[in-house]
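Counted from 1, the sequence shown has number 8 at position 8 by full-length UniProt numbering; the numbering is strictly sequential.
Some hints could be false.
[Claimed, not checked] With a straight-line Cα cutoff of 20 Å, these simulated SDA-like cross-link-like pairs (lysine to any residue) come out: (1) K154 / R190; (2) K154 / P174; (3) K247 / Q277; (4) K52 / D83; (5) K154 / R178; (6) K247 / H237; (7) K52 / P20.
Hints listed in this document are in silico derivations from the structure and should not be mistaken for laboratory results. As the structure is a prediction and not an experimental result, all values here were calculated from the model.
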Amino acid sequence: MNTQVRISAQTSVVGVIGDPVRHSLSPIIHNVGFRSLGVDWVYVAFEVAAGKTADSLSALRTLHLRGLSVTMPHKTEMATLVDRSSPSAIALRSVNTVEVASDGALVGHSTDGEGLLQNLRSHGVHIENSSVLVIGAGGAGRSVVDALSRHGCKQVVVANRSLDGAEFAAGLAPIGSRAISLSDEPALRRATEECDLIIHATSMGMGETGSESVLPIPLDLLQQRHIVVDLVYHPLHTALLRVAEDKGCQIVNGLGMLVHQAALQQEIWTGHLPDVQEMLSAASQALS
Numbered sequence: 001m002n003t004q005v006r007i008s009a010q011t012s013v014v015g016v017i018g019d020p021v022r023h024s025l026s027p028i029i030h031n032v033g034f035r036s037l038g039v040d041w042v043y044v045a046f047e048v049a050a051g052k053t054a055d056s057l058s059a060l061r062t063l064h065l066r067g068l069s070v071t072m073p074h075k076t077e078m079a080t081l082v083d084r085s086s087p088s089a090i091a092l093r094s095v096n097t098v099e100v101a102s103d104g105a106l107v108g109h110s111t112d113g114e115g116l117l118q119n120l121r122s123h124g125v126h127i128e129n130s131s132v133l134v135i136g137a138g139g140a141g142r143s144v145v146d147a148l149s150r151h152g153c154k155q156v157v158v159a160n161r162s163l164d165g166a167e168f169a170a171g172l173a174p175i176g177s178r179a180i181s182l183s184d185e186p187a188l189r190r191a192t193e194e195c196d197l198i199i200h201a202t203s204m205g206m207g208e209t210g211s212e213s214v215l216p217i218p219l220d221l222l223q224q225r226h227i228v229v230d231l232v233y234h235p236l237h238t239a240l241l242r243v244a245e246d247k248g249c250q251i252v253n254g255l256g257m258l259v260h261q262a263a264l265q266q267e268i269w270t271g272h273l274p275d276v277q278e279m280l281s282a283a284s285q286a287l288s
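Using the sequences and the accompanying hints, generate a full structural model.
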């Protein structure tokens, strides 16, 4: 695949800020997306240390950047610095996308949760009226819960090491949802018995090649009827997904969410949705 990017004095520049970002797949994914749109845009990575979030917005204005992707450790602080925010970004108190609006205002968005739902739909999974167990209450978990709530999910159970964190995330969910501790095995068992969909939203298993030692929940809780989603995408086939597949579950890895949320970012910036399949192919090739 030809990934060469042509840059001129008229090229519009966007980028990702974070620390670290040197191994980010985002430049590969986004530049393929821009090419599919036929627009003169380029996407680059900027390593910005913690505490320098405000400086990145000053740079955006000074250099006339067209937008930003925002990753750790800047998402929470960015939510306090933008001029206005989307409903999801307000609810989550977190921003992963900065748009430069037509009036010059900087608008914060959160595309992670919507990206997950788009990815699930591409796999034939629809969450309307479903019961979902979300494992993890960090930024990714909260984004997932918020999106589930906005799209007709019937019930969400949030399981987390810290019950306080789970309760905050569950507060974003539909009425009747609840929070449990991952150490409360009876509650975890009940949640898996009730749910249709299990979404793992922690970093457990990232970079691992083991099996049961990196499972977020006991393997005996998985049943063939479950749809199991792991937001981790390196490796693509995590220990959780391998075990779930062995049990006959439908499985979905995390790469599609990364790509779909990036496509939504490009729609915010350019007004057009890029070719998701081309972006996904480039991301898969980069990981292989």
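Right, here's what the structure says about each hint:
no.	hint	verdict
1	K154 / R190	holds (16 Å)
2	K154 / P174	holds (7 Å)
3	K247 / Q277	violated (29 Å)
4	K52 / D83	holds (17 Å)
5	K154 / R178	holds (12 Å)
6	K247 / H237	holds (15 Å)
7	K52 / P20	holds (13 Å)
The structure fails hint 3 only (numbered hints given earlier).
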